[in-house]
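Chains as they are written, first to last, in numbering that gives the first Met the number 0: chain P, 0 to 122; chain U, 0 to 231.
Hints are not guaranteed to be accurate.
[Said to hold, decoys possible] Simulated pairs of lysine to any residue, SDA-like, Cα-Cα distance not exceeding 25 Å:
{"#": "1", "chain 1": "U", "residue 1": "132", "chain 2": "U", "residue 2": "105"}
{"#": "2", "chain 1": "P", "residue 1": "44", "chain 2": "U", "residue 2": "0"}
{"#": "3", "chain 1": "P", "residue 1": "44", "chain 2": "U", "residue 2": "172"}
{"#": "4", "chain 1": "U", "residue 1": "144", "chain 2": "P", "residue 2": "41"}
[Claimed, not checked] Now the stretches of chain U that chain P is said to cover, found in silico as 3 or more residues with beta-carbon under 8 Å:
{"#": "5", "stretch": "38-50"}
{"#": "6", "stretch": "166-173"}
{"#": "7", "stretch": "206-220"}
Source of the hints: derived by calculation from the structure; they are not laboratory data. Glycine included, each C-beta is placed from N, C-alpha and C at the ideal position.
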Amino acid sequence: MDWVFNNDMPIYTQLVDKIKLSIVSGQLPPGEKLSTVRDLAAEAKVNPNTMQRAFQELERAGLVFSQRSSGRFVTEDVEVIMEAKKAMARQYVESFMKSMEQLGYAEEEILHLLEEGKKEEKQ
Amino acid sequence: MTATFECRGLSKHFGATQALDGVNISIAPGRVVGLLGPNGSGKTTLIKLANGLLSPSEGEILICGSRPGPETKAVVSYLPDKTCMPQWMNAQQLMDFFQDFYGDFDRQRAEEMLGRLGLDQKQKLSQMSKGTKEKVQLIMVMSRKAKLYLLDEPIGGVDPATRDYILDTIIRNYDPEAVVIISTHLISDVEKVLDEVLFINQGKVTLQASVDDIRQQYGMSVDEYFREVFKC
């Protein structure tokens, strides 16, 4: 995982987003055992309490669960993962639309630009 | 729960100079705290008071409920801002030295960390580069199983890779029962490692807040917020 952080947001929410992305993209597959808080904190160079808080958030969202003696795992509930994926996609679309509107584009023009962009990508 | 580190109405003056002025702080176990302030704000004075190297003019300072003395020194591990360890010693001798002085020194932990550093164990401190010396001293200090670690400018004057090593060592030795206080003005380097920060200015603590609360509330990093608060 790449552990680069923005300045304008809390660190734990950025940790939540990064781990979430790994889960919904399948990089961390359902049922996968996660590294310990301590190891992940060291890897991301963050405070272990901050990493702990991120995991609590992910547990609340149902994306990970902990088993008392054996550690933490990615949920096996694929539906929950797909739901999170959709929510993230909606967020991306929303922020994209907002930026485009700021540039002064109307919805139709945006769709047109997307089509164009797709064609260019194929070439 | 007793706070690991507590100041109540703590003041210190040197003649007419007020170094600390009515400081109130309380830090619970398990926290990594940044003591942040411009040069001459009172950071080192506060740390020296916690070590019993200075005594308060007014108010009190408590470590795990006790005033600084032999029993608090047994649980406080201190890295001064200036080199303090005997320069003629090599790593082996330093470990013997720490083992003799501190009952909580974990030699195995120190040896492991020194091993990872790939250090020539016979090299004297005086022959080491500044960065290596800082690393070795930090290893000694972090190898004690203390209740309070006081690190005065641990990353000042070393290169970015050495800074990373030092911060990594602090994270890897994290102990939920202990408090780590790091004094520095290199905020952007340390802020990810901290739970909370204390802003200190002209002898007064002007803010005690969590890093993520500051980021949430102001939409900027602690480093940026610090620059705004202490704009010259």
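Status of the hints after comparison with the structure:
With a C-alpha separation of about 19 Å, the suggested pairing of residue 132 of chain U with residue 105 of chain U holds against the 25 Å cut-off. Between the alpha carbons of residue 44 of chain P and residue 0 of chain U the distance comes to roughly 29 Å, so the proposed pair goes past 25 Å and is violated. Proximity of residue 44 of chain P to residue 172 of chain U is assessed by CA-CA distance (about 13 Å); at most 25 Å being required, the pair is judged to hold. With a CA separation close to 19 Å, the supplied pair residue 144 of chain U and residue 41 of chain P stays within the 25 Å bound.
Counting residues of the stretch 38-50 of chain U whose beta-carbon sits less than 8 Å from any beta-carbon of chain P gives 0, not enough to reach three: the coverage restraint is violated. Taking a C-beta to C-beta cut-off of 8 Å, the stretch 166-173 of chain U contributes 5 residues in contact with chain P, enough for the three needed, and the coverage statement holds. For a cut-off of 8 Å, the count of residues in the stretch 206-220 of chain U with a CB near a CB of chain P stands at 8, and the three-residue condition holds.
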